[in-house]
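Participant: Residues per chain are reported as follows:
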Amino acid sequence: MASRDDGGLWVYAERRGASSFTPVSLEILGKARELSDRLSVELTVVTVGADGGAASELRRYGPDHVLELVHPLLDRHDGKAYAKAIGAEIQKARPSTLLLGATRNGQDLAGRLAVRLRTGLTAHITSLELDGNSHLVGWVPGFGGGIEAGITCPAKRPQMVTVRPGVFPSPPRGSPVGKVKAVTPDLSEEDLGSRRVSFEPKGASVDLTRADVLVVGGRGTGGDFGRLEELARRLGGEVGATRVATDAGWVDRDRMIGQTGVIARPKLALVLGVSGAVQFTVGIERAGTVVAVNRDPHAPIFDHADLGIVGDLGPIVDSLLRTLGAA
Amino acid sequence: MRIVVCMKVVPRPEEVKVDPETKTLDRAGARSVINSSDMNALETALAFREAHGGTVTVLSMGPPQFEPYLRVALAVGADEAVLLSDRAFGGADTLATSYTLATGIRKIGDVDLVLCGEESSDGGTSQVPPSIAEWLDASQATYVERLVAAKNSTVRATRALEDGKETVELSVPAVISVIVGSNEPRFIDYDRWAFAQSAKVQVWDAAALGGDPQYLGLKGSPTTVAGLREVRKAGRRHETLSVTPEEAASRIKAEIDRVRSARG
Chain E
33 MASRDDGGLW VYAERRGASS FTPVSLEILG KARELSDRLS VELTVVTVGA
83 DGGAASELRR YGPDHVLELV HPLLDRHDGK AYAKAIGAEI QKARPSTLLL
133 GATRNGQDLA GRLAVRLRTG LTAHITSLEL DGNSHLVGWV PGFGGGIEAG
183 ITCPAKRPQM VTVRPGVFPS PPRGSPVGKV KAVTPDLSEE DLGSRRVSFE
233 PKGASVDLTR ADVLVVGGRG TGGDFGRLEE LARRLGGEVG ATRVATDAGW
283 VDRDRMIGQT GVIARPKLAL VLGVSGAVQF TVGIERAGTV VAVNRDPHAP
333 IFDHADLGIV GDLGPIVDSL LRTLGAA
Chain V
9 MRIVVCMKVV PRPEEVKVDP ETKTLDRAGA RSVINSSDMN ALETALAFRE
59 AHGGTVTVLS MGPPQFEPYL RVALAVGADE AVLLSDRAFG GADTLATSYT
109 LATGIRKIGD VDLVLCGEES SDGGTSQVPP SIAEWLDASQ ATYVERLVAA
159 KNSTVRATRA LEDGKETVEL SVPAVISVIV GSNEPRFIDY DRWAFAQSAK
209 VQVWDAAALG GDPQYLGLKG SPTTVAGLRE VRKAGRRHET LSVTPEEAAS
259 RIKAEIDRVR SARG
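Listed in order, the protein sequences are those of chains E and V.
Note that the first sequence ends on residue 359 in my numbering; no numbers are left out.
Note that the second sequence ends on residue 272 in my numbering; no numbers are left out.
Incorrect hints may have been included.
Claimed, not checked - For lysine-lysine, the following DSS-like pairs were computed, each having C-alpha atoms within a straight-line distance of at most 25 angstroms:
| id | chain 1 | residue 1 | chain 2 | residue 2 |
| --- | --- | --- | --- | --- |
| 1 | V | Lys227 | E | Lys188 |
| 2 | V | Lys159 | V | Lys173 |
| 3 | E | Lys63 | E | Lys299 |
| 4 | E | Lys299 | V | Lys261 |
| 5 | E | Lys124 | E | Lys188 |
| 6 | E | Lys63 | E | Lys234 |
| 7 | E | Lys234 | E | Lys124 |
| 8 | V | Lys173 | E | Lys234 |
| 9 | E | Lys124 | E | Lys213 |
Said to hold, decoys possible - Which bits of chain E does chain V cover? Going by a derived footprint, with three or more residues having C-beta under 8 angstroms, they are:
| id | stretch |
| --- | --- |
| 10 | 73-81 |
| 11 | 84-91 |
| 12 | 200-212 |
| 13 | 231-238 |
| 14 | 288-302 |
| 15 | 340-353 |
Hints were generated in silico from the structure; no laboratory data involved.
Virtual Cβ for every residue (Gly too), placed ideally from N, Cα, C.
Next up, chain E with everything else stripped away, as it sits in the complex (with noise of 0.2 angstroms):
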């Protein structure tokens, strides 16, 4: 298929209520900016909902194009109409990249829609380069002994990535510039797999890329992460956990730190009884100081961390919390 696919790049920013989006929306169309002036494309930034009135926020972050797809079967996400409404619009504008962050519903879109423009996606990058031949290269850190993958797309477009909230940093929120345009998707009742039922809102829902201090719990806590709390609680800070221990069910999933979960830029992380497999320390890296304690010297998580404690962490936590204490 000859195309020149010189559509720009496309960001596709999810709307949670009525006029916010989710903050990894807001961090790619920052990253997006930066890869579009250097490639001289022009950036849209694609949105969809039943009703029009989200692209004056979208503005702020530097698009040349709002892009608002309106219809009131797009109330709210269902993966089946969300891909045609967007692929239909991707079909005709020809992007070179799509790039779209992480979330739950966000990757739920994203499947579909790769597979409906017949095209490449790399999932949950924590880095992003352009190569010799203007091609991405998103970065994927693989198994263990700290080796990442950097994957392309070289002959399918748009190539499609993935980015987990906190890879990026926010940009900040300027004046509004770019052109809006709305469009009304064709769309039918069938073209929707699913209608919402009910919701049930989550009472606080958590943030860790926005916490200063992370106390990191894995395996080698045994689950015990009472103290982790009360740790945390007196530092001003989240807890967080290793993918061991949500899948555990120690911890609420929310909490999840790394590839897979969230990647944190706390100013300072103590990471206690994790063993240090790439996916976690991806999570961490962005960390301003890193504590760890394990009672293995040979742990991996020692080469990520600034100040290394090889010990059983039991006493160690008490201790400390005795020391705050005192404090």
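Chain V: place on chain E using the hints.
Facilitator: Coordinates of chain V only, in the frame set by chain E:
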């Protein structure tokens, strides 16, 4: 309802080694295991069958050595097992993998529900379930923790999202991805052991599967690994101490104070 559970056999992550010279992954020495959330998907399917009737077929893609894992699923409670196995399927990314599985599901025929784990522990992309749904033009619900039948051959799924729990009603055919830890997968039923050992695991190669060869395996995979490198490590101090708990606590406290004073 006719239910297919997609199951992936993955290497135990802690047993995969990296060759320090070539920087390539050596999975040969690693033992394998059924992907964790796929067991939750199987449990969801078995519970659904008990409540509403139907059949459960497990479907996997991989080398013939994966057959014993499918027999485990039969011993746990699945009715049938299908393994898609051909060198032509190798080197598949999520586009080709989802195409191959979707083609297998079509060949099984009259499938109402496709259940998958939310993501695999090795690839970890979580993209295969919604991709299968698009190939099949099916409805989808991802990150599901609860699934029940509803009226007029629809199903009701509760999705765990970042900001809350969303319950949706879906028409069938539907593809559901099940969240890890959403249920307690049952153990092998020893009364089924003889059946599981003697049952025929259907093995379909590319010729038996049919489908469009341009979408299979490496050829059907638009993404490619352009390079491997060591993960960039932040410039850390790497001070490692083995001291008493009291000394450790005071060193950590000093670190906390240092960060705090820099903050203020």
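Participant: Apply the coverage criterion to the stretch 231-238 of chain E and chain V: a residue qualifies when its Cβ sits closer than 8 angstroms to a Cβ of the chain, and three qualifying residues are needed.
Facilitator: Coverage by chain V holds for the stretch 231-238 of chain E (5 residues, Cβ < 8 angstroms).
Participant: Are there three or more residues in the stretch 200-212 of chain E whose C-beta lies within less than 8 angstroms of some C-beta in chain V?
Facilitator: Since 0 is below three, the answer is violated.
Participant: Please verify whether Lys234 of chain E and Lys124 of chain E have alpha carbons no more than 25 angstroms apart.
Facilitator: Given pair Lys234 of chain E, Lys124 of chain E is violated - Cα atoms ~38 angstroms apart, limit 25 angstroms.
Participant: How about the stretch 84-91 of chain E: do at least three of its residues have a C-beta closer than 8 angstroms to a C-beta of chain V?
Facilitator: violated (count 0)
Participant: Check whether three or more residues of the stretch 340-353 of chain E sit with their beta carbon closer than 8 angstroms to a beta carbon of chain V.
Facilitator: Per the Cβ count (10), the hint holds.
Participant: Given the hinted pair Lys63 of chain E and Lys299 of chain E, is their Cα-Cα distance within 25 angstroms?
Facilitator: holds (22 angstroms)
Participant: Can you confirm whether the C-alpha distance between Lys63 of chain E and Lys234 of chain E stays at or below 25 angstroms?
Facilitator: Outside the cut-off at roughly 30 angstroms; violated.
Participant: Count residues of the stretch 288-302 of chain E with a Cβ under 8 angstroms from any Cβ of chain V, then say if the count reaches three.
Facilitator: This one holds; 5 residues, not fewer than the three required, reach chain V with a Cβ under 8 angstroms.
Participant: Checking one constraint from the list: CA of Lys124 of chain E to CA of Lys213 of chain E, max 25 angstroms. Satisfied?
Facilitator: holds (14 angstroms)
Participant: Holds or violated: Lys173 of chain V and Lys234 of chain E, Cα atoms, limit 25 angstroms.
Facilitator: holds (7 angstroms)
Participant: Would you check the hint for Lys159 of chain V and Lys173 of chain V, treating anything up to 25 angstroms between C-alpha atoms as holding?
Facilitator: Given pair Lys159 of chain V, Lys173 of chain V holds - Cα atoms ~21 angstroms apart, limit 25 angstroms.
Participant: Verify the proposed pairing of Lys227 of chain V with Lys188 of chain E, using a straight-line Cα cut of 25 angstroms.
Facilitator: holds (12 angstroms)
Of the hints listed earlier, those the structure fails to meet are numbers 6, 7, 10, 11 and 12, in rising order.
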